[in-house]
Each structure stands twice: as C-alpha cells, then as structure tokens.
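In our numbering, the protein residues as written are 2 to 431.
Hints in this document: simulated from the structure, not taken from any laboratory.
Since we're looking at a predicted model, the values are computed, not measured.
Quick reminder that beta carbons are idealized off the backbone N, C-alpha and C, glycines included.
Some hints here could point you the wrong way.
Stated by the list, open to error - Straight-line Cα separation of at most 27 angstroms, BS3-like style, residue types lysine-lysine; simulated pairs:
id: 1; residue 1: K405; residue 2: K361
id: 2; residue 1: K385; residue 2: K369
id: 3; residue 1: K400; residue 2: K369
id: 4; residue 1: K268; residue 2: K405
id: 5; residue 1: K86; residue 2: K65
Unchecked claim - Taking CB as the label site, the calculated pair distances span:
id: 6; residue 1: M325; residue 2: I410; range: 55 to 65 angstroms
id: 7; residue 1: E148; residue 2: P61; range: 33 to 43 angstroms
id: 8; residue 1: G283; residue 2: N304; range: 29 to 39 angstroms
id: 9; residue 1: P125; residue 2: Q321; range: 44 to 54 angstroms
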Amino acid sequence: MKKSFLVFLNTLLGVLLANSQTGLWSGDLEVMGVKLPLVFHLDDNNPTLDSPAQGARGVPIQIKRIGTDSLSITVPSIRATFRGKYESEHITGLFTQNGFQVPLVLTPGEKTLHRPQTPKPPFPYGQEEVSFSNGDAVLKGTLTLPEGYSRETPVLIMITGSGLQNRDEEIFEHKPFAVIADALARNGIASLRYDDRGFAESTGDVVNCTTADLMNDALAGINLLRQKFNKVGALGHSEGGTISLMLGADNKVDFIVSMAGMVISGKETLLDQNHYTLIQNGYDQQTVDEYCDLLSLAFDNNNSVSQKLESSTLPAELKQNLRMVIQQSKTPYMQYFISINIMNRLPDITSPVLALNGTKDIQVSYEKNLGALSKGLPSNIHNKIIPLDNLNHIFQNCKTGSLKEYATIEETVSPEVLEIITQWVKSLNK
2 MKKSFLVFLN
12 TLLGVLLANS
22 QTGLWSGDLE
32 VMGVKLPLVF
42 HLDDNNPTLD
52 SPAQGARGVP
62 IQIKRIGTDS
72 LSITVPSIRA
82 TFRGKYESEH
92 ITGLFTQNGF
102 QVPLVLTPGE
112 KTLHRPQTPK
122 PPFPYGQEEV
132 SFSNGDAVLK
142 GTLTLPEGYS
152 RETPVLIMIT
162 GSGLQNRDEE
172 IFEHKPFAVI
182 ADALARNGIA
192 SLRYDDRGFA
202 ESTGDVVNCT
212 TADLMNDALA
222 GINLLRQKFN
232 KVGALGHSEG
242 GTISLMLGAD
252 NKVDFIVSMA
262 GMVISGKETL
272 LDQNHYTLIQ
282 NGYDQQTVDE
292 YCDLLSLAFD
302 NNNSVSQKLE
312 SSTLPAELKQ
322 NLRMVIQQSK
332 TPYMQYFISI
342 NIMNRLPDIT
352 SPVLALNGTK
362 DIQVSYEKNL
372 GALSKGLPSN
382 IHNKIIPLDN
392 LNHIFQNCKT
402 GSLKEYATIE
412 ETVSPEVLEI
422 ITQWVKSLNK
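Model the full structure from these sequences, guided by the hints.
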C-alpha cells in the first residue's frame with residue numbers, strides 16, 4: 002500500500018511539474034551589458050516567442066519536453082535554442098544562437114512597462130492601412146491623416162533605423178514612430194510609417210538586401226504619397242536618416258528630417274560603436290585597440306585578418322565575436338553599409354534639412370555627423386542642424402546614453418524633439 006501511494010505521488014508530481022512548464026514565461030538575455038527581454042508562450046498547441054524590445058511577437062517555436070522537469074525550445078526562424086530545467090518557480094538554462102551560449106532564467110508571467118506617451122484612442126485624426134510594393138517586397142503600413150487634410154497638407158514618410166523593425170520602430174515597448182505620427186497629425190501634418198521588409202506584416206528578401214534596397218522601399222512609399230499630396234518629405238532615424246539624405250541627394254523628396262542620421266562612413270560609425278561598447282564593458286585600452294584594428298581589417302576584407310586574429314592576445318570571447326563579424330562583414334548588406342559615405346552626396350541636397358542628434362548618443366556621434374552636415378550641405382535658409390543636450394540615440398532624456406537605459410526610461414521621445422519637428426515642418430508651408 003505504501004509503495005502504491007509513493008508511485009501515485011511521483012506520478013502526480015510529474016504531472017504537476019509538466020503542467021507548470023506551460024503558460025507565459027519571461028526572462029532577460031544579457032549580452033554585453035544590455036538586457037533583451039524574451040517572452041515564451043509555452044502553449045502545447047501554438048507555442049510562440051515574443052521579443053518586445055524588437056517589436057517581434059508571435060514567433061513560432063517548437064517545444065520538446067524532457068522527462069518531468071526539463072524542456073528544449075527551438076526557434077527555427079533565428080536558429081536559436083533554449084534548454085532549461087524547472088527549479089522551484091524558475092526555468093534555468095542556456096540560450097544558444099550562432100554558437101553563442103547565454104544563461105537565461107525564465108520566471109512565470111511577463112513584466113509590464115509604463116509607456117505614457119504611446120498614443121491611445123480616440124484619435125482626433127484618421128488612419129488608413131495601406132500597402133505598396135518594391136519588386137517582390139510588399140510593404141504594409143499606416144497612413145495617418147490629420148482632420149481636414151488636402152493635397153496641400155505636408156506629409157512625411159518615416160524610415161526606421163538598422164535591423165528589422167515594425168512600423169512603430171518599436172524597441173523595449175517604446176513606439177517612437179507612433180508617438181511622432183501622433184504629434185504630426187495633431188499639428189496638421191500627415192505621415193506614413195510601415196513595417197520593414199520581411200518583418201511583421203511586410204514581405205521581401207532580407208538576406209540579400211542592402212541599404213539601397215531599403216531606400217527603394219521608401220521610394221515606393223513616396224510614390225504612393227505623391228498620388229495624394231503635393232509636398233512629400235522623409236523622416237528617418239539612424240540608418241533611416243541616412244536613407245532620407247540619400248533620397249534628398251537624388252531629388253526624390255521635398256524636405257528631410259534626419260534623426261541621428263549617419264553621415265560619416267558606415268565603417269567609421271561601426272568602429273566608433275565597438276570602441277565605446279568595449280570600453281564600457283571594462284576592457285583595457287590595449288585590448289580595445291587590438292580588437293578595433295582587427296575589426297577594421299575585417300571591414301576592408303583584408304585576407305590576413307583571420308591569421309592575425311588567431312595569433313592575437315584577445316580574450317576568447319572577443320576572438321569568437323570577431324570570427325562571427327568576419328563572416329557577417331561578407332554579406333551584401335554589411336558590404337554596402339560599411340561603404341556608405343553620404344558626405345560625398347551632401348552638395349546635391351537642395352531640399353530643406355532638419356538634422357537632430359542627442360549629445361549623449363553613443364551610436365551615432367553628434368559631433369562628427371552634425372559637423373559633416375554643417376560643412377557639406379549647400380546654403381539653405383530653412384536648414385537647421387541642432388545638437389540636443391542630454392538626449393540619447395532614440396531621443397530620450399537620459400543620464401549616460403547607454404543602451405541599458407532605453408528600457409528603464411519611461412519617456413519615448415523628448416517633447417522638445419516633437420515640438421522642433423512639427424514647428425519646422427509647419428514653417429516650410431508659411
């Protein structure tokens with residue numbers, strides 16, 4: 002009888018443990034000091050993964066339960082896996098992607114973040130769902146229309162920064178493009194924001210595309226807007242700011258808003274970013290210099306970089322990182338991005354330009370990039386080049402500018418930035 006009871010108890014315990022691994026579980030991946038929240042929906046019928054920081058939701062996953070206390074999760078679309086063990090209200094394990102392993106601890110439920118600027122209905126303006134095409138890419142987006150709009154209403158197409166992002170340019174549940182579109186509409190300015198190709202509701206090749214393809218995606222949206230509006234501008238953030246300037250150099254837009262747009266070369270920008278990140282993560286100057294020298298060789302496709310890497314004195318984790326970078330630098334996207342240097346095209350931009358950068362932006366240097374614009378743009382009474390004190394790369398008021406702050410700051414976009422953009426666009430139509 003006692004033995005039968007123990008068998009029953011063990012069976013019941015196994016069922017309880019298996020059931021406890023279902024439902025909503027979340028945790029933070031920490032890479033180079035930056036936390037990336039992940040949310041797993043461990044539903045046996047339709048299991049999915051959310052990455053709120055990237056605006057990615059409902060990514061299909063595969064679950065394999067191992068015994069009564071462990072599980073293995075595969076995310077085919079990003080070639081990642083997680084293997085964990087249930088341990089007293091936690092699932093503890095390793096997240097693996099492209100050969101890298103990062104500890105990950107999941108806890109029940111999902112953290113909620115306060116984002117007070119995210120627009121909430123009812124709205125004093127209209128919104129339409131639209132689509133437009135560039136070759137095989139079909140871009141889906143939202144056209145925001147102020148009350149009483151006409152052909153004379155100014156309109157902006159909004160272009161996201163690097164990496165796959167949705168139409169709101171969502172990051173850590175901040176929705177900066179939704180906030181900007183709301184501010185524009187309340188000031189009589191229309192806008193179009195859209196999901197990047199191959200992301201959310203949009204389709205298109207993301208493996209072989211380059212910044213030039215992304216520019217042509219935006220151009221397809223501009224052509225759509227020209228059917229309704231006489232004055233079409235481009236508002237771009239980061240890489241999107243560069244694309245906006247490229248469109249201006251090609252005389253495709255009537256005015257430009259560049260938010261932390263890269264003007265110096267892609268190579269110099271990436272070297273600056275890596276230098277800062279390594280210093281912030283505690284590596285000594287000699288290690289940082291050695292890493293960046295090898296990174297520069299990789300960007301130049303120098304055949305000696307692999308040999309020099311293996312004989313270098315770099316820590317193992319930085320060697321592994323560089324091996325990945327060497328492979329990534331050979332992709333069409335990276336080859337094009339590294340070579341971008343919009344400074345050579347600045348004299349061709351005759352459209353009015355509003356360029357904004359935060360003084361605490363650690364991803365796109367305000368001094369180098371705004372300085373290059375000041376020197377290179379033709380004279381235009383409407384041009385405004387403005388460094389903004391204490392703002393980071395995504396235009397939040399901040400303390401350090403570190404990526405670590407993005408999620409913890411409740412502000413999505415500085416009200417000062419919203420005011421500058423809306424008033425500048427309105428001034429062009431007086």
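Practice prompt. With a cut-off of 27 angstroms on the C-alpha distance, tell me whether K385 and K369 pass.
Written response: Holds, at about 16 angstroms.
Discussion item. Hint check: K405 vs K361, CA-CA at most 27 angstroms. Holds or violated?
Written reply: holds (13 angstroms)
Worksheet item: Could one say that the CB atoms of P125 and Q321 fall in the range 44 to 54 angstroms?
Response: holds (53 angstroms)
Discussion item. Against the 27 angstroms threshold, does the CA-CA distance of K400 and K369 hold or violate the hint?
Written reply: Roughly 21 angstroms between the alpha carbons, so the hint for K400 and K369 holds.
Worksheet item: Can the suggested window of 33 to 43 angstroms be confirmed for the beta-carbon pair E148 and P61?
Response: holds (41 angstroms)
Worksheet entry | Agreement of K268 and K405 with the hint, judged by alpha carbon distance not exceeding 27 angstroms | holds (24 angstroms)
Worksheet item: Does the alpha-carbon distance linking K86 and K65 stay inside the 27 angstroms limit?
Response: holds (12 angstroms)
Item to complete: Can you let me know if the beta-carbon spacing of G283 and N304 is within 29 to 39 angstroms?
Response: Holds - the Cβ-Cβ distance for G283 and N304, about 32 angstroms, lies within 29 to 39 angstroms.
Practice prompt. Using the Cβ atoms, figure out if M325 sits within 55 to 65 angstroms of I410.
Written response: 30 angstroms Cβ-Cβ, so the 55 to 65 angstroms window is violated.
Of the hints listed earlier, the one the structure fails to meet is number 6.
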